[in-house]
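S.K.: Chain by chain, the residues:
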Amino acid sequence: MNVRRYGRVFREFFRACLVEEMEYRSEFFGNVISSFFGIGMALLTIQIFFYQTDRLGGWTYGEVLVLLGVFNTLRGCIDFALRPNMPRLLEHVRRGTLDYVLTKPVDSMFYVSFRHLVFWRLIDVVLGFGVIGYGLYVERYVPSVADVLVFLVVMAASFLLIYSLWMMLMTTSFWVVRIDDLSFIFDSFFETARFPGSMYRGAVRMVITYILPAVLITNTPALALLGKWSARTAFAALVVALLFLWIARRFWRFALRFYTGAGG
Amino acid sequence: MIRVSHLHKSFRVHRREAGWFEAVRHLWRRDYRIVEAVKDVSFTIEKGEIVGFLGPNGAGKTTTMKMLAGLLHPTSGEITVGGVVPFEQKPEFKKMMSLVMGQKSQLIWDIPPMETFLVNKAIYDIDDRAFRQTLEELTELLDLAPLLDKPTRSLSLGQRMRCELAAALLHRPRVLFLDEPTIGLDVHTQENVRRFIVDYNREHETTILLTSHYMGDVAALCDRVMIINYGRLIYDGELSVLTEKLAPYKRLEVRFSRLPKMNWSEYGEVAEVEEGAVVLRVARETAAETAARLLQQFEVRDINIEDPPLEEVIARAFQEEHV
Chain A
1 MNVRRYGRVF
11 REFFRACLVE
21 EMEYRSEFFG
31 NVISSFFGIG
41 MALLTIQIFF
51 YQTDRLGGWT
61 YGEVLVLLGV
71 FNTLRGCIDF
81 ALRPNMPRLL
91 EHVRRGTLDY
101 VLTKPVDSMF
111 YVSFRHLVFW
121 RLIDVVLGFG
131 VIGYGLYVER
141 YVPSVADVLV
151 FLVVMAASFL
161 LIYSLWMMLM
171 TTSFWVVRID
181 DLSFIFDSFF
191 ETARFPGSMY
201 RGAVRMVITY
211 ILPAVLITNT
221 PALALLGKWS
231 ARTAFAALVV
241 ALLFLWIARR
251 FWRFALRFYT
261 GAGG
Chain B
1 MIRVSHLHKS
11 FRVHRREAGW
21 FEAVRHLWRR
31 DYRIVEAVKD
41 VSFTIEKGEI
51 VGFLGPNGAG
61 KTTTMKMLAG
71 LLHPTSGEIT
81 VGGVVPFEQK
91 PEFKKMMSLV
101 MGQKSQLIWD
111 IPPMETFLVN
121 KAIYDIDDRA
131 FRQTLEELTE
141 LLDLAPLLDK
151 PTRSLSLGQR
161 MRCELAAALL
171 HRPRVLFLDE
181 PTIGLDVHTQ
191 ENVRRFIVDY
201 NREHETTILL
211 TSHYMGDVAA
221 LCDRVMIINY
231 GRLIYDGELS
241 VLTEKLAPYK
251 RLEVRFSRLP
261 KMNWSEYGEV
271 AEVEEGAVVL
281 RVARETAAET
291 AARLLQQFEV
301 RDINIEDPPL
311 EEVIARAFQE
321 EHV
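In order, the protein sequences belong to chains A and B.
For the first sequence, the residue numbers in full-length UniProt numbering are 1 to 264.
For the second sequence, the residue numbers in full-length UniProt numbering are 1 to 323.
Everything labelled a hint here was simulated from the structure, so no lab data went into it.
This one's a predicted model, so the numbers in the text were calculated from it and none came from an experiment.
Computed cross-link-like contacts, EDC-like style, restricted to lysine to aspartate or glutamate with a CA-CA straight-line distance of at most 16 Å:
| # | chain 1 | residue 1 | chain 2 | residue 2 |
| --- | --- | --- | --- | --- |
| 1 | B | Lys150 | A | Glu23 |
| 2 | A | Lys104 | B | Glu92 |
| 3 | A | Lys104 | B | Asp125 |
| 4 | A | Lys104 | A | Glu12 |
| 5 | B | Lys104 | A | Glu91 |
| 6 | B | Lys90 | B | Asp125 |
| 7 | B | Lys95 | A | Asp107 |
| 8 | A | Lys104 | B | Glu88 |
| 9 | B | Lys150 | B | Asp110 |
| 10 | A | Lys228 | A | Asp147 |
| 11 | B | Lys90 | A | Asp107 |
Assemble the whole structure, with the sequences as input and the hints as a guide.
M.R.: See the structure below:
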């Protein structure tokens, strides 16, 4: 895969989407307001928790803020690149326009994943980083270079993991053409990642830690930035993410073979 | 340019009876049926040819075209397009061909067509100079100048089709697959699109395979037609030969001031009788003679000898097992 060429194609996707978004400018402002409102409500919720206690699953107020920032940043990334594309795959299959995608000389998984970008969602990423900064300030902790590097690695791993899971979920649309509601399954699962994993008890904790590792996705980067990382965890996160990416890719190929009737 | 030999494609489809009980039963037991969409099709198309691909709905036209475009995997048989096997879906192949489907759009709906062109420029890795040149040429041929900066959603169907064609040709494909390119267009726009296809083919020697329901498309564009029915190729050859073969008669339309009451079948097969006129099918060889006889024996106001309409010829072809 030619990275520079794909960079150019991605830039072109971004530009086309920018033009598309500008067609609906009023929506843009509405969304900025709702982004601010969303993060404001989340902060307020945490405030209310901390009126009662000074620890949440062993995390201090500042640490929970960092976690919330990570959560918001990741969600911003998801809403920027994943959410706009995934339901469209379904449309492509249903309306047959996937044929156009398949005749293009770019990787089809790349195309269906990144063709549509909702750039104003990057505001959530910016706000997320703002909250992370504020959390670190409350905590009076200045991350070292190593902290930041590990943070970036596990953050990327988290994003890859989410991407792979979602991609696999959506790839099933080749067989199940009425899958619209599946992204809501994903949402409710991802919502659990808003809080420290240690807050959950019993079976729920088991599920969200090991089976659907929502908690790890946000908790690991937050802990990294707070200096509480281990090289082994970071490495494991990366390996798991790459493994899932590989599986998602295989699954996509398999689905395409089914679609085109090769070996099906 | 295109070589196809012994191409087969079969699909496995669910079969389900109607009704409640069947719906429930279907949950755990599915019956499958094998449908052979394309059976033993072979042909070659040389560089620069325009070939019309005809057949009734469900005959296997689109399936064959999709296999040629690398979108479907043949069950058996061989295809090469420009020396490459389409289904391997190599970038080399994808850059060489283009597909336009009249019923599906590749343009981005909410923004002007120019944006789609720019996306395609990046996707096909077209350099700036070539892009500008091609776009200029296509803009002129398709009269795109007033359309380029209008949102696609505000374009008419015909305007959109012109943009679709441009989007598909920016990378200068050597092979072009057109699946119903004039569907839904008004007569005038159909004509424009046809003229463009002919001009473009002549200019660039692009190999074109076209399916269409409109006989006008085929008559205007293709010297050679292939007819497919029930998945089999039943005719491959010149359009004029097909007409002679399948319709070895002429249409004789005779108008009278007052239609004489008589048995017309002694002059030829009666196709239609209407007020003051009769339409006869007469063998080619005797058409002139019959016309002369009619003129002599009756008070004829007007007489018209013509080839049977293409629709009629094709409809006959569809009924035949082999032509």
